[in-house]
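Colleague: The primary structure of each chain is shown beneath.
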Amino acid sequence: MFENALLIELYVLVLAVFVGFEVITKVPPTLHTPLMSGANAISGITVLGALLVVGQAGETVATVLGMLALILATVNVVGGFMVTDRMLQMFKKKPESQE
Amino acid sequence: MGLSSDDILVVIGALYLVATALFIFGLKRLGSPATARSGNALAALGMLVAVVATLIDREILSFELIVVGILVGLAIGAILARTILMTAMPQLVAIFNGFGGAASALVAAAVLRESLAGTDDLSTDTSITVMIGTLIGAVTLSGSLVAFGKLQEIVVTRPVTFPLQKTVSGLLFVGILVAIGYLVAEPGMEIYAAMAVACLLLGVLLVIPIGGADMPVVISLLNSYSGLAAAAAGFALGNVMLIIAGSLVGAAGLILTQTMTKAMNRSLANVMFGAFGAAEQGRPAAGGGEARPVNESGPEDAAIMLAYARQAIFVPGYGLAVAQAQHQLRGLADLMEAKGVEVKFAIHPVAGRMPGHMNVLLAEAEVPYDKLYDLDQINDQFEDTDVVVVIGANDVVNPAAREDASSPIYGMPILNVDKARHVLVLKRSLNPGFAGIDNDLFYKPNTSMLFGDAKESLIKVAREMEEV
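For the protein sequence lines, the chains are A and B, in the order given. Sequential numbering of the first sequence, starting at 22, is according to this note's numbering. Sequential numbering of the second sequence, starting at 4, is according to this note's numbering.
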């Protein structure tokens with residue numbers, strides 16, 4: 022339909038923002054911390070950008086910048102998902118461990 | 004391989020589509036306690052799919068550095084996630100936000116550097132998005148570091164203000180925009196580096212005037228920024244996956260920010276630029292109401308009052324987190340229930356220093372989440388409650404928010420604990436909370452104060468209760 026990549030990307034942006042609003046709106050306050058740390062892990066998606074930069078093995082400075090980005094983004098992704106899981110496994114409805 | 008480059012791009016695109024669906028479905032399932040854990044796992048799976056898809060890209064030639072980078076990040080992330088104390092969760096999320104923002108800014112910088120070193124000219128679209136990615140990413144990084152410092156109490160938690168602060172920040176922002184305009188026309192690494200440093204400074208200036216009590220809002224907002232930074236990096240790279248995931252998170256963070264500001268009855272602008280609590284600096288605790296009498300209670304009196312109550316509601320605040328007393332609280336609640344007291348927990352939306360922080364702590368102490376009530380669910384129940392126990396909470400139970408139009412927190416929805424028959428407040432001292440506002444609740448005739456560290460007080464009360 023469009024040849025202009027930027028325009029398509031803007032369509033994607035706007036639609037994704039609306040989806041984000043819709044999906045999040047009715048989250049009970051109990052889950053705000055895990056939700057935030059889970060969302061935070063997803064924002065580590067920038068790891069893909071870092072992979073592309075480092076993988077091209079181009080200019081040295083760019084590769085160094087990319088390498089730093091790769092490490093930081095991986096910490097963000099791995100740490101974020103793991104700590105969210107650690108929190109969520111504690112949320113229990115009935116005290117099962119009690120007799 | 005029988006696949007052409009175009010075929011590979013189609014495969015990558017299809018995998019990104021799968022990852023997108025997993026992210027959206029995962030976020031959706033994160034919205035309900037019963038499904039949240041699987042939601043997080045689905046989102047993590049989505050991330051794995053997206054990473055694998057990216058690695059089959061023909062543009063990726065060298066895997067050695069990638070493996071090293073991923074392993075280093077994996078180790079650091081796993082150690083942090085496994086060892087962090089639940090009470091320090093706000094700091095961890097702040098630092099992760101900062102890392103995400105930094106990574107996006109670095110990716111943007113690398114894109115610029117590649118194109119300056121190579122032959123391919125940067126299109127105007129790309130250079131604008133590189134600059135926006137740098138701006139948001141750098142602000143997220145330095146802002147998150149300041150927020151981390153405030154939460155860890157390395158940096159003063161009170162708002163730090165100086166004359167003409169807003170003017171300085173405003174001028175700096177205009178300067179950055181001018182530099183961006185220049186860079187789009189005439190890209191160069193030196194001016195770009197200066198611009199990036201200015202962006203870092205802007206992040207510091209934006210967060211430093213915000214008080215410790217407003218950190219829940221700041222963390223939500225920085226969370227949103229880290230998503231937007233990733234989206235901007237996505238535009239710079241022409242990568243749709245970054246745009247989608249980044250804007251999902253950006254939107255989610257904005258929703259949470261809005262929820263927080265609503266819970267404080269403030270506007271986002273007021274939180275960001277109001278230097279809330281700074282005005283109180285001239286009115287320290289030692290000055291004002293020192294002569295007002297309070298009812299001081301001992302652990303024995305407290306234990307008797309709690310043991311013979313029919314209903315009790317606990318109101319935990321950040322003091323509980325600081326004292327790491329969530330397990331002792333659960334222990335006391337168990338003793339009371341064994342004596343036939345009906346026990347509930349009331350959680351204010353901005354209790355603690357991160358949205359939902361108290362819920363996580365109580366979950367860690369294995370308090371079932373159906374005993375936790377939020378503001379709307381519990382506020383009419385205080386009238387029919389024998390004892391309310393406030394543990395290290397202050398502003399969220401301050402009746403001034405309801406009664407005193409001159410109070411800075413006037414209008415903020417609070418837990419109406421003063422309506423209960425008795426209120427027991429566990430607190431270290433009469434010092435005002437992070438917002439620096441005196442609390443009339445402490446001086447009411449039906450309020451007793453039990454001074455001391457929350458953990459020690461809870462242990463003492465529990466010991467007395469066993470003898471009642």
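If you're looking for bench data, these hints aren't it; they were derived computationally from the structure. A portion of the hints provided could be inaccurate.
DSS-like cross-link-like pairs, simulated, lysine-lysine; straight-line CA separation at most 27 Å [said to hold, decoys possible]:
#1 B:31 x A:47
#2 B:422 x A:113
#3 B:374 x A:113
#4 B:31 x A:113
#5 A:113 x B:342
#6 A:113 x B:458
#7 A:47 x A:113
#8 B:374 x B:342
#9 B:422 x B:31
#10 B:342 x A:47
#11 A:47 x B:447
#12 A:47 x B:458
#13 B:342 x B:265
Colleague: All the hints need checking, so say for each whether the structure fits it.
Modeller: Evaluated hints:
no.: 1; hint: B:31 x A:47; verdict: holds, 10 Å
no.: 2; hint: B:422 x A:113; verdict: violated, 31 Å
no.: 3; hint: B:374 x A:113; verdict: holds, 11 Å
no.: 4; hint: B:31 x A:113; verdict: holds, 19 Å
no.: 5; hint: A:113 x B:342; verdict: holds, 23 Å
no.: 6; hint: A:113 x B:458; verdict: holds, 23 Å
no.: 7; hint: A:47 x A:113; verdict: holds, 20 Å
no.: 8; hint: B:374 x B:342; verdict: holds, 17 Å
no.: 9; hint: B:422 x B:31; verdict: violated, 38 Å
no.: 10; hint: B:342 x A:47; verdict: violated, 37 Å
no.: 11; hint: A:47 x B:447; verdict: violated, 37 Å
no.: 12; hint: A:47 x B:458; verdict: violated, 34 Å
no.: 13; hint: B:342 x B:265; verdict: violated, 38 Å
Hint violations for this structure: numbers 2, 9, 10, 11, 12 and 13, all remaining hints satisfied.
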